[in-house]
Amino acid sequence: DTAVSQTPKYLVTQMGNDKSIKCEQNLGHDTMYWYKQDSKKFLKIMFSYNNKELIINETVPNRFSPKSPDKAHLNLHINSLELGDSAVYFCASSDSLPGQGIYEQYFGPGTRLTVT
Amino acid sequence: LAKTTQPISMDSYEGQEVNITCSHNNIATNDYITWYQQFPSQGPRFIIQGYKTKVTNEVASLFIPADRKSSTLSLPRVSLSDTAVYYCLVGGGATNKLIFGTGTLLAVQP
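As they're listed, the protein sequences go chains A and B. Residue 1 is where the first sequence starts when you use my numbering, and the numbers rise one by one after that. Residue 117 is where the second sequence starts when you use my numbering, and the numbers rise one by one after that.
Bound-form chain B, shown alone:
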């Protein structure tokens, strides 16, 4: 079973780039890495997904090293509205296991 851990919290200021890491030492060969954002009293919302190397979309980038034992979500130029809890999710491979990370509370200050 992949055990996924994240820093409990991070602080940032508006306009800065924020990098949130997720450790998943036991990731399976076919597992994907997905990141979700959750605001209070709402369900998680998809941000980005990747398998290896780098993936970029309009809101974030995802960096995955060759050994895939960790991943980094990069949010460019955060704003106050990016204050939320961010979760990594490891799974989707042949084992059908889906393991959420412990979550990182990102607090963006003006």
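Chain A extracted, bound-state conformation:
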């Protein structure tokens, strides 16, 4: 069974479009995250939710909006896509809050977004 799953795995779209990436975890974790990995392989956190509540919101354009319908799901919606949004987006989950210190994050397989 896949612990953290993301759909789609690949997403190719044109500038200006709106797209969503879905994430689901079956680990019973309370905290979920979205990360962006750019072409240089740098990983940067975007958002974190705990029990459907936003707890980390890094400096990300407001075209990116996370939505957590329940604690097992954290979706990422992106409006007006730009070339610079091309990257691999990873979802992750953990069973403790960042801030509690002890946590191990489980990552999904990633969604490769290409904006043309």
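It should be emphasised that the hints constitute simulated quantities derived from the structure, not laboratory data. No residue lacks a Cβ here, since even glycine has one placed at the ideal position from N, Cα and C. Treat each hint with caution, since some may be false.
What the hints assert, rightly or not - Going by beta-carbon spacing under 10 Å, a handful of chain A positions derived as facing chain B:
#1 T13
#2 Y33
#3 I55
#4 F64
#5 G110
Claimed, not checked - A few chain A residues that face chain B, going by a derived Cβ cut-off under 10 Å, partial list only:
#6 K41
#7 I45
#8 R63
#9 F90
#10 G108
What the hints assert, rightly or not - No farther apart than 25 Å at their CA atoms in a straight line, the calculated lysine to aspartate or glutamate pairs in the DMTMM-like style are these:
#11 B:K213 to A:D18
#12 A:K40 to A:D70
#13 B:K213 to A:D95
#14 B:K213 to A:D38
#15 A:K40 to B:D183
#16 A:K9 to A:D70
#17 B:K213 to A:E53
#18 A:K19 to A:E53
#19 A:K22 to A:E53
#20 B:K213 to A:D85
#21 A:K41 to A:D70
Please build the complex by placing chain B on the supplied structure of chain A, with the hints as guidance.
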């Protein structure tokens, strides 16, 4: 904000011990140090986590000096399958900041 830097790449041979360092000069008092392994086209995978001194598990050891401004991931007797990118992650303290290091590509040769 903790800025974390790592060597871009390292080479090793099978059976050798490999030590990968991470510099995090601005680490906060309550921040933890975590290391992840990433294979191509996969998400990062947890290796080990520590706060100070030394931590050891079945796959690696983590050394953290008293000033906590750096950390060293030690992989004993690497194999070809250890070829991957290794990231340190600093954070988890009260500020809720999570900062990944720049990543180190470890290439293990036979």
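- Task: Closer than 10 Å between Cβ atoms is the bar; does G108 (chain A) clear it against chain B? Give me holds or violated.
- Result: holds (5 Å)
- Message: Next pair to validate is K213 (chain B) with D18 (chain A); report whether the Cα-Cα distance is within 25 Å.
- Response: violated (29 Å)
- Task: Have a go at the R63 (chain A) hint: is there a Cβ in chain B nearer than 10 Å to its own Cβ?
- Result: violated (22 Å)
- Query: Is the interface hint for F64 (chain A) satisfied, with its Cβ closer than 10 Å to some Cβ of chain B?
  - Reply: Check failed: Cβ of F64 (chain A) comes no nearer than 17 Å to chain B, outside 10 Å.
- Query: Can we keep the F90 (chain A) interface hint, with Cβ of chain B closer than 10 Å?
  - Reply: Nearest chain B Cβ about 5 Å off; hint holds.
- Message: Hint validation: G110 (chain A) versus chain B, beta carbon distance must be below 10 Å. Holds or violated?
- Response: It holds, given that the least Cβ distance between G110 (chain A) and chain B is near 6 Å, below 10 Å.
- Proposed proximity, E53 (chain A) with K213 (chain B) (alpha carbon, max 25 Å): Holds: K213 (chain B) and E53 (chain A) sit about 16 Å apart, inside 25 Å.
- Query: Does K40 (chain A) pair with D183 (chain B) here, judged by a C-alpha cut-off of 25 Å?
  - Reply: Status violated; Cα separation ~30 Å.
- Message: Quick check on T13 (chain A) please, does its C-beta sit within 10 Å of some C-beta on chain B?
- Response: This hint is violated: T13 (chain A) lies away from chain B, its Cβ roughly 20 Å from the closest one there, beyond 10 Å.
- Task: Starting from K22 (chain A), check that the Cα of E53 (chain A) is at most 25 Å away, please.
- Result: holds (17 Å)
- Query: Regarding the hint that I55 (chain A) lies at the interface with chain B, is the smallest CB-CB distance below 10 Å?
  - Reply: holds (6 Å)
- Distance restraint between K9 (chain A) and D70 (chain A), which requires alpha-carbon spacing of 25 Å or less: holds (22 Å)
Of the numbered hints listed earlier, those contradicted by the structure are 1, 4, 8, 11, 12, 15, 21.
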